[in-house]
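Protein chains: 2
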Amino acid sequence: MRTRPLKVALLGCGVVGSEVARIMTTHADDLAARIGAPVELAGVAVRRPSKVREGIDPALITTDATALVKRGDIDVVIEVIGGIEPARTLITTAFEHGASVVSANKALLAEDGATLYAAAEQHGRDLYFEAAVAGAIPLIRPLRESLAGDKVNRVLGIVNGTTNFILDKMDSSGAGYSEALDEATALGYAEADPTADVEGFDAAAKAAILAGIAFHTRVRLDDVYREGLTEVTAADMASARRMGCTVKLLAICERAADGQSVTARVHPAMIPLSHPLASVREAYNAVFVEAEAAGQLMFYGPGAGGSPTASAVLGDLVAVCRNKLAEATGPGESAYTQLPVSPMGDVVTRYHISLDVADKPGVLAQVATVFAEHGVSIDTVRQQGKDGEASLVVVTHRAPDAALSGTVEALRKLDTVRGVASIMRVEGE
Amino acid sequence: MRTRPLKVALLGCGVVGSEVARIMTTHADDLAARIGAPVELAGVAVRRPSKVREGIDPALITTDATALVKRGDIDVVIEVIGGIEPARTLITTAFEHGASVVSANKALLAEDGATLYAAAEQHGRDLYFEAAVAGAIPLIRPLRESLAGDKVNRVLGIVNGTTNFILDKMDSSGAGYSEALDEATALGYAEADPTADVEGFDAAAKAAILAGIAFHTRVRLDDVYREGLTEVTAADMASARRMGCTVKLLAICERAADGQSVTARVHPAMIPLSHPLASVREAYNAVFVEAEAAGQLMFYGPGAGGSPTASAVLGDLVAVCRNKLAEATGPGESAYTQLPVSPMGDVVTRYHISLDVADKPGVLAQVATVFAEHGVSIDTVRQQGKDGEASLVVVTHRAPDAALSGTVEALRKLDTVRGVASIMRVEGE
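As they're listed, the protein sequences go chains A and B.
If you read the first sequence in this note's numbering, its first letter stands for residue 13, the second for the next number, and so on.
If you read the second sequence in this note's numbering, its first letter stands for residue 13, the second for the next number, and so on.
Only chain A is shown next, with the shape it has when bound in the complex:
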């Protein structure tokens, strides 16, 4: 074993960074044995240097992240600060100055992964980011490597723990969205500003990363259709239950039937209770991968948190260090298929639509005609009358999303339709 240590710079020392530093110290011998050389924490860039950081030598702390990545003796930079800048410039600067990079930065990878990949390749460095998607769950490596000889057709999963906690709470207790969000915040599952989670931005970034890797093409955050869960009501949840379903915020990446394009989307959807994703509780994550030869695989585990994310970061650290010692690099960007990303209207899915309608003869016929005119076939209709008003719950067969949303628009214009109470897609069947 080489005795000269590999030098690691840590950018960011919050929940994840401090756990990475702790494990690097407490498990130093194991890491050295697995890598073939010791690893040494050579510097830690933070915003608040005065904060006491247990177990970290104060001499390693700096506020000058740029100077740290430019030192020239750093073998690996671990970036856990998040956000677009200064993270992007720090990572590309690290590549220029001889370091490989392990990152947990989903936002940056989804926004501008191509720039990072290109810089890594130009300088012959590694860019690893298992921690960017679904915390400790191995997903990037299985998709990039284990399934490299297969053809992935679909990735479908729960990739945001906060929203799964909220929906699980709504489902199990009958609570409304606000109430469930309050509980998630109180328990530390939701941040003070929950926008990134509840509006689906976090899940959309992960969907972009997964779709790009799964289909060997470039998918950016802007390519991902996105709906959050703030509009999901207790009534939707109850309606899902009546159908033998529950509601989950799903990230869905699909290859089109003709194989010539891909789609990526994040939205709430009803899935049958018999589907394995329906039983993913609390803040857990789970992802299905469907591949031509492998069939259907599922990966399940804690999708966030300091320790699980640190586990993913350290797994990448070991790989990157081994590559350094072998003077090799791992897999880089694979975007050779150049498959375009189609808009949401092209996605083929099913709708569950609740309508408030006038309780008089002929309404159902009128509504059914609108579906037929848009080429949307109806699977089931449930009609309930109450005091001159009635509700119609329609579940469609599979149709392009554009046809489905066109149907809803036309329904809204019918005199006999008083309102569209809810629209939700149905998946996992």
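The hints are simulated quantities; they were obtained by calculation from the structure and are not laboratory data.
Some clues are possibly wrong.
For chains that are exact copies, the list does not tell them apart, and a pair is met inside one copy or across any two.
[Claimed, not checked] Derived pair list, reagent style EDC-like, types lysine to aspartate or glutamate, alpha-carbon separation capped at 16 Å: (1) Lys163 <-> Asp41; (2) Lys163 <-> Asp42; (3) Lys425 <-> Asp368; (4) Lys163 <-> Glu385; (5) Lys398 <-> Asp368.
Predicted, not measured: the structure shown is a model, and the values here were computed from it.
Dock chain B against chain A, hints included.
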């Protein structure tokens, strides 16, 4: 991209081998793009050369596997013949003659993995074997690489599809073992001679491989405690149901509480219906991995079959070919902890014991005394009387297996105990 192809020799052209050859042809462009060079099937060694093999150039077929691996121009040997010899000699010969190896041979890896690893290292070649455990489910790579920065404490799973099919059938239909085995055979889930599956040899080989990788030590097939499922009765299954459990054949690899040894075992066990493994149906596989930082991860998918196994083989082929082009090798054997494997008696577990006893006062006190004398604490007792006879069902708290089996031995000697109707371990709580 390099235009000169990498040459692949295929040893074995059965269910898996023919599927590997088929995908290599139909997906040649994708494989080339992902590897960075085309791959070419340069020879196929078979036992029956006269058999028609669709899509394979007859000129590539040979019965002389030794000559094929000795050719000197082969970059990668794919070994899917199984068994100890001639597979072992062919693999080590391949390493000597410049090839890296992708193998699906669980029996050989569990029996003598160390010899293969040593030969690979001596000649600077790769040895990859994702397909040896749980078919298409990425497990070896996540354990060897994704969790390389973590400390795995436990691996627990269903790793044999045939036995899971049989137990699932017994559970859902109330069928006995023989009847369920007949159905598995009729549907092609069990082989004509089902010994390797039903006696647990196949699962034990996988447990040895998983334990070795998870704990960075050497674990051989002989180190794995093994009980098959041929003794599991419809009555056991019914008894499990009454406890809110089902019966699964589990492979369990554990680090001892003091961290100084490991255990590996395969046996039928009761697990609660609420445990995710309880809902693994038919011939599917699923494996839980518990690691210090990552927490609890689960991997699920088809555990066998031509296509899923071929997916795993081809993922390894891509990795090994990339390494060849980079003149590097992937991770080799990691057995630095040298943790010993403890015998079954040291495993801490729980027992579910059904006793036929005389229906008279004092029997329960007598039985309870035997448990106490062996230091085994009782969790629950259920007593049922019928016509002068009675049955006692005892579920214990956790205790060393030696103490539990000592208790059972002593119970058999009691005059008031007419017989021990069944003993089963209880896991997953």
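Results for each hint:
no.: 1; hint: Lys163 <-> Asp41; in the structure: between (39 Å within a copy, 12 Å between copies)
no.: 2; hint: Lys163 <-> Asp42; in the structure: between (36 Å within a copy, 9 Å between copies)
no.: 3; hint: Lys425 <-> Asp368; in the structure: within (13 Å within a copy, 74 Å between copies)
no.: 4; hint: Lys163 <-> Glu385; in the structure: neither (37 Å within a copy, 60 Å between copies)
no.: 5; hint: Lys398 <-> Asp368; in the structure: within (10 Å within a copy, 61 Å between copies)
Hint 4 alone, counting from the list given before, is not met by this structure.
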